[in-house]
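Here the protein sequences come in this chain order: A and B. Heads up: the first sequence begins at 1 in our numbering, then just goes up one per residue. Heads up: the second sequence begins at 1 in our numbering, then just goes up one per residue.
Hint data in this document are derived by calculation from the structure and do not stem from the laboratory. Remember, predicted model here, so these are calculated numbers, not experimental data. The beta carbon of each residue, even a glycine, is placed where N, CA and C say it ideally should be. Hints are supplied without guarantee of correctness; some may be wrong.
Said to hold, decoys possible - Per label pair, the in silico range of CB-to-CB distance:
{"#": "1", "chain 1": "B", "residue 1": "Met-297", "chain 2": "A", "residue 2": "Arg-140", "range": "47 to 57 Å"}
{"#": "2", "chain 1": "B", "residue 1": "Asn-298", "chain 2": "A", "residue 2": "Ser-186", "range": "16 to 26 Å"}
{"#": "3", "chain 1": "B", "residue 1": "Asp-100", "chain 2": "A", "residue 2": "Val-101", "range": "19 to 29 Å"}
{"#": "4", "chain 1": "A", "residue 1": "Arg-140", "chain 2": "B", "residue 2": "Asn-298", "range": "29 to 39 Å"}
{"#": "5", "chain 1": "B", "residue 1": "Asp-17", "chain 2": "A", "residue 2": "Val-101", "range": "39 to 49 Å"}
Stated by the list, open to error - In silico negatives: residues of chain A with every beta carbon more than 12 Å from chain B:
{"#": "6", "residue": "Glu-11"}
{"#": "7", "residue": "Gln-30"}
{"#": "8", "residue": "Ser-35"}
{"#": "9", "residue": "Glu-36"}
{"#": "10", "residue": "His-37"}
{"#": "11", "residue": "Ile-40"}
{"#": "12", "residue": "Leu-78"}
{"#": "13", "residue": "His-119"}
{"#": "14", "residue": "Pro-155"}
{"#": "15", "residue": "Leu-164"}
{"#": "16", "residue": "Arg-167"}
{"#": "17", "residue": "Ser-171"}
{"#": "18", "residue": "Lys-182"}
{"#": "19", "residue": "Asp-192"}
{"#": "20", "residue": "Tyr-204"}
What the hints assert, rightly or not - Facing chain B, according to a computed beta carbon distance under 8 Å, are these residues of chain A, among others:
{"#": "21", "residue": "Leu-14"}
{"#": "22", "residue": "Gly-16"}
{"#": "23", "residue": "Gly-32"}
{"#": "24", "residue": "Val-33"}
{"#": "25", "residue": "Asn-60"}
{"#": "26", "residue": "Leu-61"}
{"#": "27", "residue": "Met-65"}
{"#": "28", "residue": "Arg-69"}
{"#": "29", "residue": "Glu-73"}
{"#": "30", "residue": "Gly-99"}
{"#": "31", "residue": "Val-101"}
{"#": "32", "residue": "Thr-151"}
{"#": "33", "residue": "Gln-183"}
{"#": "34", "residue": "Ser-184"}
{"#": "35", "residue": "His-188"}
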Amino acid sequence: MSDSRMNNLVEAILEGDCAESVSQVEHLYQSGVSSEHIVIRGIETAMTALDAKCTLEQFNLLEIMLAGRAVTEVMKVLYPAGTAPMSTKGTVVIATLEGDVHDLGKNILKMVLIGKGYHVVDCGKDCSLQKLMDVTEKERPLAIGVSGLITPIIPLVRQVKEQLLLRKLDSIKVVAGGAALKQSSSDHLNVDFVAESAFDILHYLDGRTGEK
Amino acid sequence: MNSLERIAATIKFQDADRVPVIAQVFGHAASLAGVPVDDYVRDGKTLAQCQLNALTQYGYDAVFSVMDVSVETEAVGSTLQYRKNQYPVIERYALSLEDDWDALSVPDPQQAGRMPEMLEALAILRRELGNKVLVVGCVVGPFTLTTQLLGMETALYLAVDDPPRLEHLMDFATEVIIRFGLAQLQSGAHLPIVFNPSASPAVIPPKFFREFELPRLRQVFQAFTEAGAVANWLHIAGPVGRILPYYPAAGVDIANFDYYVSAKEARNELPATCLDGNIKSVAFVEGSPNDIEAEAMNLLRGFRDQGGFILSSGCEIPPESRPENVAALVNAARVG
Chain A
1 MSDSRMNNLV EAILEGDCAE SVSQVEHLYQ SGVSSEHIVI RGIETAMTAL
51 DAKCTLEQFN LLEIMLAGRA VTEVMKVLYP AGTAPMSTKG TVVIATLEGD
101 VHDLGKNILK MVLIGKGYHV VDCGKDCSLQ KLMDVTEKER PLAIGVSGLI
151 TPIIPLVRQV KEQLLLRKLD SIKVVAGGAA LKQSSSDHLN VDFVAESAFD
201 ILHYLDGRTG EK
Chain B
1 MNSLERIAAT IKFQDADRVP VIAQVFGHAA SLAGVPVDDY VRDGKTLAQC
51 QLNALTQYGY DAVFSVMDVS VETEAVGSTL QYRKNQYPVI ERYALSLEDD
101 WDALSVPDPQ QAGRMPEMLE ALAILRRELG NKVLVVGCVV GPFTLTTQLL
151 GMETALYLAV DDPPRLEHLM DFATEVIIRF GLAQLQSGAH LPIVFNPSAS
201 PAVIPPKFFR EFELPRLRQV FQAFTEAGAV ANWLHIAGPV GRILPYYPAA
251 GVDIANFDYY VSAKEARNEL PATCLDGNIK SVAFVEGSPN DIEAEAMNLL
301 RGFRDQGGFI LSSGCEIPPE SRPENVAALV NAARVG
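Here chain A stands alone, though its shape is the one from the complex (with noise of 0.2 Å):
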């Protein structure tokens, strides 16, 4: 259900203009409008809005990076530190593995999960097939996210489900993108899912979760 309320706000995001964003969030705090439904009816409806705009190929990452900074500034405004936004959709656990660097994919992939109310917890770029295992362990999440740019973290992607059964976690669904992984199949990363898009990551999980 759309809200006019929200208009300005999702207009100041879909532009990604930290002020006016910031600005439009303080403005309806003050109305009396909860965190909650700015974030349900304002930020998800603007990243809405921005999955619908961004196909293959209209698809930047600029346009993202600057909604999605605008959304991380409103977010600091709702949540400010120590107030923990609550989780609507459940837990995402994110990494870049070990042997690539290249983590702008995965950081858009946190900042639409975060703008469509998913809770992220990202586990950095280098990072090791033990420590996405710990924290997955701790975390239980829906789904684990991996990300590489380049060729040669294949194998260590297709390690990543059959760790998940030696730790007896194998009903958490894996799922890929970025550049080099995405020119492959779920069946030879031996994952679930292999996105085009950090939009397409989003549809899988809505999907899981029975969001539309």
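Put chain B on the given structure of chain A with help from the hints.
Here is chain B on its own, set in the frame of chain A:
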């Protein structure tokens, strides 16, 4: 016809004895010789020898003095991390937003970082191959170097927050590239390919490409042409369909296209420019010789009546690729 004559004819859409085949073999040449990639990218003699060995083994039409995309940024002052058998990665960027960029000076290719090693590799390759095989050097594009000097995210945000400052840095990057490219031509390169991954429409909108990058690419290619480059070759991966129409205005003679763009779309957008592409890089690692042959034959059939086509991969053939797959690519051009 030798390789260089074959490529020269193809660029002009003239008849050649067969379609040229250029496998984008960089670090794969090191893997083939059992040399760690991190040694390969730091030693010009090693690089040249590995390239010559790979040429002997595969028999394609061009060799590359390509180390990685961090040569220029390292020369300006970025710190790289070299890991065993991998391409280096940037550990610390040369510049930050707090720095005074007016104090920047263009590095001397004879002295700075690994630039002299790359020049030495080019000199060896040209000495050994003369004008029989295309000897290709490499520079990165202006926006790519800008993102390598500052960090991708910082550079992209600067493009919106302070466009004049970004343009100032892009102008500096352009000077670095031109000076390095001219030194490569003097050392023996027939041309320096311009690698420009950050200028892909996957990263920046086409409007940004047209307004910020295109004029600087034009400067780069004009300088290379005036210095005797046999052609200008632009390599941008990803969904480049919407920026291909700008390539002729930049002075591009050979346009690389990746698997994202079909051969038909690339030709429609660039009817009078030589194209090279577009087999998936990962197919050389995961696929079989039959897969590569089928893809290659499909491309050769598509371009048969048009000319102006060089059979190639869409991007780098990864170091760990199966040699029989590279051989299948070359063989397809020979029998196709």
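Quick check on a hinted range of 16 to 26 Å for B:Asn-298 and A:Ser-186, using CB atoms only. holds, 24 Å
Pairwise beta carbon distance, B:Asp-17 to A:Val-101, judged against the given window 39 to 49 Å: holds, 45 Å
Would the hint on A:Asn-60 be counted as holding, given a Cβ-Cβ threshold of 8 Å to chain B? With Cβ-Cβ at 5 Å, under 8 Å, it holds.
Given A:Ser-184 was flagged as interface, is its beta-carbon under 8 Å from a beta-carbon of chain B? holds, 5 Å
Interface exclusion of A:Ser-171 relative to chain B, criterion Cβ beyond 12 Å: holds, 28 Å
Under 8 Å is the threshold here; is the Cβ of A:Val-101 close enough to any Cβ of chain B for the hint to stand? holds, 5 Å
With a cut-off of 8 Å on the beta carbons, see whether A:Met-65 makes it to chain B. This hint holds: A:Met-65 lies near chain B, its Cβ roughly 6 Å from the closest one there, short of 8 Å.
So, as I understand it, the hint says A:Gln-183 touches chain B; can you test that by seeing if any CB pair is closer than 8 Å? holds, 4 Å
Beyond 12 Å from chain B, beta-carbon-wise, is A:Arg-167? Fine: 28 Å to the nearest Cβ keeps A:Arg-167 off the interface.
Does the closest beta carbon of chain B sit nearer than 8 Å to the beta carbon of A:Leu-14? violated, 13 Å
Looking only at beta-carbon atoms, does the pair B:Asp-100, A:Val-101 fall within the given range of 19 to 29 Å? holds, 28 Å
Run the C-beta distances from A:Lys-182 to all of chain B and say if the shortest one exceeds 12 Å. violated, 9 Å
When held up to the earlier numbered hints, the structure conflicts with 4, 14, 18, 21, 23, 24 and 29 and fits the remainder.
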